[in-house]
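Undergrad: Spelled out from the first residue to the last, the chains are:
Number of protein chains: 2
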Amino acid sequence: MSGRFTVTYHVRAAAADIEARAQGIAVEQSVEMPLAAIDDETVLSDIVGSVEGIDDLGDGVFAVRIGLATATVGQDAGQFLNMVFGNTSLHDDVVLKDIAVPEALVELLGGPRHGIAELRRRLKLHGRALTGSALKPQGLPADSLGLLAEHLARGGLDFIKDDHGLADQHYSRFAERVSACAAGVARGVRSTGHPTRYVPSLTGNLDQMRAQAALARDEGLDCVMLAPMVCGFPTMQALVREFPGMAFFAHPSLGGAARIAPELLIGGLFRLMGADAVIFPSFGGRFGYSRDTCRHLAGNARRTDDGMKGALPVPAGGMTLERTKEILDFYGEDTMLLIGGNLLMARDRITEETERFTRAVAEHNLA
Amino acid sequence: MSGRFTVTYHVRAAAADIEARAQGIAVEQSVEMPLAAIDDETVLSDIVGSVEGIDDLGDGVFAVRIGLATATVGQDAGQFLNMVFGNTSLHDDVVLKDIAVPEALVELLGGPRHGIAELRRRLKLHGRALTGSALKPQGLPADSLGLLAEHLARGGLDFIKDDHGLADQHYSRFAERVSACAAGVARGVRSTGHPTRYVPSLTGNLDQMRAQAALARDEGLDCVMLAPMVCGFPTMQALVREFPGMAFFAHPSLGGAARIAPELLIGGLFRLMGADAVIFPSFGGRFGYSRDTCRHLAGNARRTDDGMKGALPVPAGGMTLERTKEILDFYGEDTMLLIGGNLLMARDRITEETERFTRAVAEHNLA
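Chains A and B supply the protein sequences, listed in that same order.
Residue numbers are given in the numbering used here: position 204 of the first sequence equals residue 204, and the series is strictly consecutive.
Residue numbers are given in the numbering used here: position 137 of the second sequence equals residue 137, and the series is strictly consecutive.
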């Protein structure tokens, strides 16, 4: 397998040092040893990373473009991460900014199996943005979460997900919770006639997540959520392959910690790994991503020009009903607006408040 | 399951804002919703995070101590990471600094199954530090790596590991490589009489890593390496449990990216997850960890006062033979000094250079 692909790093360095830094990254992300100690000509020509270019971005930051050998990735999503950023992540002045994913890796990793188009088809949802909320707080017993799921579903939401803190804790074991919430949503669906989806959160190791996904499927669910940076990219890939009918929502938990640009990590890599929808903290909420980052992230998620399906961006993290127009004006229609805690502020009036939410989104495109 | 454990975050903030930031983290790392929307008294008292203290460290940085409910971790290593740092990792001004791991989680996660003591016992190695090197560069065919392994083993090394870039690529498939390198090391062992260990690198998803570990075991090996931030903590935990005879080396790949203090991540969490040895970039090499960080990391790794075994610190990342005395003076005897690329600079004289290395380490304690 020949060929290289370009990875872009942003490096904070003095101008006098940047060439050496760039060469250092090229070596670190390939052979990781002094080149003078390598005899093998093929390794030197085909495996060692190459510096493709250095651009001065100003303010002491440089964009460094490195050509890495596709062969070093082998057939593994984890190895892909290892080769693009494994050791270089240990430098606190380098950010992994972009990756031009080669065709061979698109074929290997596959991207979303369903994407925005299929999510819309399943819910017969066209001409407007999508709506979502979350079951909170953890600590509530399964039947209470099931009732909450029903209340939210009666408000006509498109998607109701587990809070990402819901795992398999004693207070709401996965099996009981999924059963109660699937039933609660089903009651809501029968009432509204709208095909609301419940999205449980998968946690644990691959075997445990597999068993949970199977349980979800047996309950008639066709969406699940996971956190790629917590379970590991190889785990996600395995599940996406083994459950081809499932749509996968990616949660960014632990992702901010990785000095990987959010628009690349969440908008690019989570999609590459098979996320059909990518949840991220939007500007204006509890987190600090800029508008530019959010725009770029959402744009990356929705791409369809690289051989893969477009994934649904899901701005979240402190969104409010009052900001619906502002958020949808910014992101556009191929978006799911996720309002969790702020919807729950309505307490007893949760269904009415949810109806206000779904109405605001439905009417947005008519404005 | 009652009880709380304390997590320490370093937050860069204005003094006027820090109390609100601290409370924000307490909520984010537990219920992640407005408290005013929670009715359930038990959730409010037992689940919501609590601010235990705030210390001004100067320079605009505060140490924030949060009490998290142990129950929210459930029985899963990934959920543990999710609850201590999942969403808060999305803030670029917060570092996860320390975790006072409660007994219940020590029991759940277990720490090293073997630790320094058992590694010494296996190699009958007392009274001196340990030595290690790495098979590089990737791209070499398996039989060449096998020969290199033999040359290194003939120099009397204690441990010979795969370069962490060696996965299952076409040029040196795992099965062939492990077979060739195990045989090469065995030839070296027969020559020297010293029980050198070969440490292959496990990659892929849990099933693949399981199969690789079994293959390694069938080749008579008793050590393997993995990268916890790449494969995911739940994967590591599953392997540590399923291969109780194996000693596990943890590689820090992708770990620097996580805004988690290295002394906690590598010295603390990797050990908690079951690493018997923890590889890290030492000061003075290719990476930028300070002496203080390295000292603290090594100290955390070696702890035996918390119900778990001590793990072996493995300073690496550009170490040289010339610095052996300096490095061992700094770290002490319960250390494995890992010299990879710099040893390979000796090329044809690799065995002689390796002998110089092992002699220098053996003689260090006599100095």
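Note that these hints are calculated values from the structure, not bench results.
Hints may be right or wrong, so weigh each one.
Covered stretches of chain B (chain A as the covering partner; in silico rule of three or more C-beta atoms under 8 Å from a C-beta of chain A) [what the hints assert, rightly or not]:
hint : region
1    : 3–15
2    : 81–87
3    : 146–152
4    : 163–175
5    : 198–208
Backbone N, C-alpha and C fix where the C-beta goes; we use that ideal spot for every residue, glycine too.
Undergrad: Mind checking, does the region 146–152 of chain B have 3 or more residues with a CB under 8 Å from chain A?
TA: violated (count 0)
Undergrad: For the region 81–87 of chain B, do three or more residues have a beta carbon lying closer than 8 Å to a beta carbon of chain A?
TA: Since three or more residues must qualify, the claim that chain A covers the region 81–87 of chain B holds, with 6 doing so at under 8 Å.
Undergrad: Against chain A, does the region 163–175 of chain B show at least 3 residues with beta-carbon separation below 8 Å?
TA: Coverage by chain A holds here, the residue count being 8 at a Cβ distance below 8 Å.
Undergrad: Against chain A, does the region 3–15 of chain B show at least 3 residues with beta-carbon separation below 8 Å?
TA: violated (count 0)
Undergrad: Closer than 8 Å Cβ to Cβ for three or more residues is the test here. Does the region 198–208 of chain B pass it with chain A?
TA: Coverage by chain A holds for the region 198–208 of chain B (6 residues, Cβ < 8 Å).
Consistency note: the structure conflicts with the earlier hints numbered 1, 3.
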